[in-house]
Amino acid sequence: MQVLYFAWVRERIGLAKEIVDTQATTVMALVEELRAREERYAAAFEDLSALRVAVDQDLADFDTPLAGVREVAFFPPMTGG
Amino acid sequence: MKIAVQEAPFDFGAEATAFAQGRHDMGAVVTFTGVVRDVDGGLDAMEIEHYPGMTQRALEQIATEAMQRWSLGDVLVIHRYGRLEKGEQIMMVATAAPHRKDAFEAAEFLMDYLKSRAPFWKKEHLRDGAGWVAAKDEDEAALDRW
Numbered sequence: 079m080q081v082l083y084f085a086w087v088r089e090r091i092g093l094a095k096e097i098v099d100t101q102a103t104t105v106m107a108l109v110e111e112l113r114a115r116e117e118r119y120a121a122a123f124e125d126l127s128a129l130r131v132a133v134d135q136d137l138a139d140f141d142t143p144l145a146g147v148r149e150v151a152f153f154p155p156m157t158g159g
Numbered sequence: 231m232k233i234a235v236q237e238a239p240f241d242f243g244a245e246a247t248a249f250a251q252g253r254h255d256m257g258a259v260v261t262f263t264g265v266v267r268d269v270d271g272g273l274d275a276m277e278i279e280h281y282p283g284m285t286q287r288a289l290e291q292i293a294t295e296a297m298q299r300w301s302l303g304d305v306l307v308i309h310r311y312g313r314l315e316k317g318e319q320i321m322m323v324a325t326a327a328p329h330r331k332d333a334f335e336a337a338e339f340l341m342d343y344l345k346s347r348a349p350f351w352k353k354e355h356l357r358d359g360a361g362w363v364a365a366k367d368e369d370e371a372a373l374d375r376w
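Note that the protein sequences, when read in sequence, are chains A and B.
In case it helps, the numbering used here puts the first sequence at residues 79 to 159.
In case it helps, the numbering used here puts the second sequence at residues 231 to 376.
Extracted from the complex, chain A is given alone in its bound form (with noise of 0.2 Å):
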């Protein structure tokens, strides 16, 4: 699965992308994978509240499931306009 990350989320994990292989099932179990991963990681998803993500390119929750997805990505609150 591609996982992408914008912003300041880019940033504190050091990357725009990366491929992950995982079981995850839902979008929850995939944060606490990544989050198991490393302090950047875990620095980066300490608080949900404050991400929002993105499940094949559109808006989606923390509970939505992962099977079949292909895209899954990790952004702060968006600021258009």
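Misleading hints may appear alongside valid ones.
[As the list claims (entries may be wrong)] Once the Cα atoms are required to be at most 20 Å apart in a straight line, the calculated EDC-like pairs of lysine to aspartate or glutamate come out as:
| # | chain 1 | residue 1 | chain 2 | residue 2 |
| --- | --- | --- | --- | --- |
| 1 | B | LYS316 | B | GLU354 |
| 2 | A | LYS95 | B | GLU279 |
| 3 | B | LYS366 | A | ASP99 |
| 4 | B | LYS331 | B | ASP304 |
| 5 | B | LYS353 | A | GLU89 |
The set of hints was computed from the structure by calculation and includes no laboratory data.
Fit chain B to the supplied structure of chain A, relying on the hints for placement.
Structure of chain B alone, referenced to chain A:
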């Protein structure tokens, strides 16, 4: 419906003129443009990051919803990304409708949704450092009225 996500500047006047042209059944055209502002005199530039795979579709969804909720003839959205200097235009929306109420309301709806539902992130480059612009609670609350 025209949706453009681009790095290059756009000509607000030319876009507005082209958008309004030849619409004999539309009594109202509303346009809005957002500009990089320097509030405290310390801004060097604004950097706008976006999610290339998602941005175009997110904007199309927002514009389509506006077309469904108001009586509109057409919608235009242009949003830039990359490094922008102060005073540069960041984005514009335009709506055409038979009546002004629909045109104004739909333009406000588009702006409110662009702010917090389109995948853009602004980073301010200040003279004494750089920082991501935090989303405001009031921007999220603005969606409630729709």
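Can you name, in rising order, the numbers of the hints this structure does not satisfy? 3
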